[in-house]
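Peer 1: In order, the protein sequence lines correspond to chains A and B. According to my numbering, the first sequence is numbered sequentially starting from 1. According to my numbering, the second sequence is numbered sequentially starting from 562.
Treat the hints as calculated values from the structure; they're not laboratory data. You may find that some hints are simply not true.
To be verified - Away from chain A, derived, C-beta distances all over 12 Å, residues of chain B:
1) I567
2) V574
3) Q575
4) E576
5) F581
6) T583
7) G588
8) I590
9) A591
10) F601
11) M602
12) F604
13) M609
14) V612
15) L627
Unchecked claim - Label-pair ranges, simulated between beta-carbon atoms:
16) A:G183 <-> B:Q572: 13 to 21 Å
17) A:F523 <-> B:E641: 45 to 53 Å
18) B:P615 <-> A:D213: 56 to 64 Å
19) B:A593 <-> A:R129: 24 to 32 Å
20) B:A616 <-> A:G217: 47 to 55 Å
21) B:Q575 <-> A:N432: 50 to 58 Å
22) A:I134 <-> B:Q572: 44 to 52 Å
23) A:F523 <-> B:L600: 42 to 50 Å
As the structure is a computational prediction, the values presented were derived from the model and not from experiment. Don't be surprised by glycine CBs; every beta carbon is placed ideally from N, CA and C.
Each chain is listed here by its residues.
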Amino acid sequence: MSAIYLAVIGLAAFAIGYFFYSKFIAERIYRLDPDFQTPSHAMEDGVDYVPTNKFVLWGHHFTSVAGAAPIIGPAIAVIWGWAPAFLWVVFGTIFFAGMHDFGAIWASVRNKARSIGALTEDVVGHRARSLFMIVIFLLLLMVNAVFATAIAKLFINFPSSVFPAWSAIAVAVVIGYLIYRKGVGLLWPSIIGVVILYVNVYLGDSMPISLSDGTFGLAANAQWILLLFFYAAIASLLPVWLLLQPRDYINGLQLFVGLGLMYCAVIFLSPTVVAPAFNENVPDGTPPLIPLLFVTIACGAVSGFHGLVSSGTTSKQLAKETDARFVGYFGAVGEGALALAAIIATTAGFATLAEWEGLYNKFGGGSLTAFVNGGANIVHGGLGLPLDFSTTLLTVMAILFAGTTMDTGVRLQRYIIQEWGNIYSIPPLTNNYVSTFIAIAACLGLAFGAGGASGAGGLTIWPLFGTTNQLLAGLTLLVVSVMLVKLSRPVWYTLVPLTFLLSMTILALLFQLWEFYAQGKWFLLFLDIVILVAAILVALEAVSAFMREKAKAAQASGPAV
Amino acid sequence: MSPSKIGGIWQTVQELATEFYTAPYRGTIARAKRDEDDLFMLFIFSEMMGVPNPATYYTLELQPILMEQFHEWHTRMGMEHSPLDHFKCC
């Protein structure tokens with residue numbers, strides 16, 4: 001079967017979801033009001049609360065939520081065949097992610113643009129707020145550990161990407177310096193910067209860089225992980241204008257370029273999907289599809305992380321309440337399109353089934369390597385770019401997405417540790433360097449604790465990362481559902497996804513608990529138990545919040561005495 | 562397409578790109594700038610609060626300029642009223 005069918009059916013389904021389902025949700029459930037004064041107007045301060053053009057807002061909402069995760073998840077999950085991953089991404093985006101992201105913006109806008117964390121306390125209760133902080137910290141911890149492992153693996157498998165990926169940092173710093181210190185206009189530095197980046201990708205092929213095993217007694221993989229965290233620590237402490245801002249901007253451009261390249265190449269090449277629809281022949285040790293599929297693909301189907309972006313920054317800049325549909329729902333559609341591209345690259349980018357099976361020889365085996373190899377074959381065949389160049393280009397894109405998430409992640413972890421320092425009156429924790437050090441140490445502990453001394457097995461925590469992400473999505477859906485109950489509106493459209501997510505998360509955690517116990521992975525077992533306890537508490541909080549609100553509603557509508 | 566129309570499109574692209582670049586970090590950068598301004602404020606008014614500052618002679622003429630921000634500054638610093646007995650703003 002040609003991959004064009006997958007692309008067309010998937011994109012058409014997203015379009016139907018956007019034009020019909022999101023319209024229904026906007027009019028009947030959230031009942032968006034064009035005359036409602038949004039916080040960006042009511043509290044306009046030129047700093048956080050700024051009414052923003054909806055296309056610009058969609059641009060950075062989308063680029064903030066989309067990164068390496070919607071690529072890695074599907075790239076691992078196609079091990080069960082293309083159909084389960086495809087169906088979950090399509091239906092997940094339409095009925096789960098769109099609803100969730102759109103709902104998070106709506107809930108926040110209707111509550112003075114407060115973050116979902118703060119809303120959890122107001123709407124659900126104080127205990128839920130504490131749970132929220134812990135879940136976010138675990139999520140960041142895992143995302144940093146997993147992304148460091150994934151980047152290290154790419155550096156080793158594709159040494160030609162080392163030079164262009166690191167040189168991107170220098171390009172970003174120069175752009176940041178020119179714009180902020182020299183007052184140069186934005187357009188020329190960014191155009192020249194992107195051109196230099198592509199020239200470096202071309203040069204990278206002729207100067208592959210590999211670290212040798214055994215330096216300081218460490219495997220090359222472990223050295224890369226240490227170097228990456230060293231970089232993340234420094235990057236997270238630098239002023240944002242110097243590195244993070246220009247890097248985000250360049251990455252945003254890369255995201256659009258990458259998506260454009262992939263879909264154009266698929267249309268021109270029409271590659272055949274070599275992977276089976278349902279893989280009957282999964283390698284030993286592959287966990288069962290249900291429930292693991294639903295936590296392996298989190299970003300790309302539904303992801304709690306989006307709720308943080310939706311309610312943290314997007315809601316403060318929304319000019320009109322009706323824009324929430326375009327920014328939130330269409331943002332989720334954009335991410336779904338990225339996940340779909342990852343599915344096509346990892347299932348149709350290979351010449352034969354044997355070649356595909358060679359990469360997917362164990363659970364977590366294909367991952368980004370399969371995406372880069374498959375995607376490069378498609379781009380090479382469809383657009384005629386040299387194979388080496390396409391390979392390095394896709395590798396660099398994946399590394400840049402993951403790298404930016406890492407330094408943002410470490411920065412956010414630092415904020416959480418500092419907040420804990422303030423709450424519990426432990427002054428050393430509020431220090432920038434101490435908190436960054438603790439954040440990095442925790443991430444390293446997880447990367448090596450899960451993956452052994454070489455850090456090579458860090459991707460085994462990917463499904464655990466997915467469960468945490470879904471748990472966060474569950475908390476956001478809980479807030480939105482409770483708000484809908486309070487307003488006496490239909491609640492099924494958020495309650496069904498919430499129940500489904502929580503049950504799949506708890507099932508996946510129980511399965512992994514048994515697996516970690518059987519394999520004697522005590523560190524991961526401990527982490528699993530912590531997340532399981534959090535998941536059960538979220539479920540209990542959900543039930544209790546609903547009972548309370550239902551009782552209140554019944555009281556309000558009961559006969560007056 | 563006339564040159565003025567092309568110029569207009571170029572202008573729009575530039576504006577959208579600038580907005581795309583600045584919007585996500587507007588708040589963070591404004592807060593960092595405010596922190597630096599707060600420190601500067603402390604230097605200017607330090608002598609009046611009993612903290613010796615050898616540069617006071619040179620910074621004295623800045624006081625009237627910063628006076629307008631003094632009230633906002635001391636409220637942000639957690640002091641409801643002016644911390645200076647002889648220097649009231651509210």
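Peer 1: Each hint needs a verdict: does it hold in this structure or not?
Peer 2: These are the hints, each one checked on the structure:
1. I567: About 14 Å separates B:I567 from the closest Cβ of chain A, which puts it past 12 Å; holds.
2. V574: violated (8 Å)
3. Q575: Since the minimum Cβ distance to chain A is about 5 Å, B:Q575 lies within 12 Å and the statement is violated.
4. E576: Nearest chain A Cβ is 9 Å from B:E576, so the label is violated.
5. F581: At roughly 5 Å from the nearest Cβ of chain A, B:F581 sits no farther out than 12 Å, so the non-interface label is violated.
6. T583: violated (8 Å)
7. G588: Non-interface label fails for B:G588: nearest chain A Cβ at 4 Å, not farther than 12 Å.
8. I590: violated (6 Å)
9. A591: Non-interface label fails for B:A591: nearest chain A Cβ at 4 Å, not farther than 12 Å.
10. F601: With a cut-off of 12 Å, B:F601 remains clear of chain A, as the shortest Cβ separation is near 17 Å.
11. M602: Non-interface label stands for B:M602: nearest chain A Cβ at 18 Å, farther than 12 Å.
12. F604: At about 21 Å from chain A, B:F604 clears the 12 Å cut-off, so the statement holds.
13. M609: holds (28 Å)
14. V612: Non-interface label on B:V612 holds, nearest chain A Cβ at 22 Å vs cutoff 12 Å.
15. L627: holds (20 Å)
16. A:G183 <-> B:Q572: 13 to 21 Å: holds (18 Å)
17. A:F523 <-> B:E641: 45 to 53 Å: Hint holds: Cβ distance 50 Å, inside 45 to 53 Å.
18. B:P615 <-> A:D213: 56 to 64 Å: holds (57 Å)
19. B:A593 <-> A:R129: 24 to 32 Å: 28 Å Cβ-Cβ, so the 24 to 32 Å window holds.
20. B:A616 <-> A:G217: 47 to 55 Å: This hint holds: roughly 53 Å between Cβ atoms.
21. B:Q575 <-> A:N432: 50 to 58 Å: With Cβ atoms ~36 Å apart, the hint is violated.
22. A:I134 <-> B:Q572: 44 to 52 Å: Holds, since A:I134 and B:Q572 (Cβ atoms, about 48 Å apart) stay within the stated range.
23. A:F523 <-> B:L600: 42 to 50 Å: Holds, at about 44 Å.
Comparing the model with each numbered hint stated earlier shows that hints 2, 3, 4, 5, 6, 7, 8, 9, 21 do not hold.
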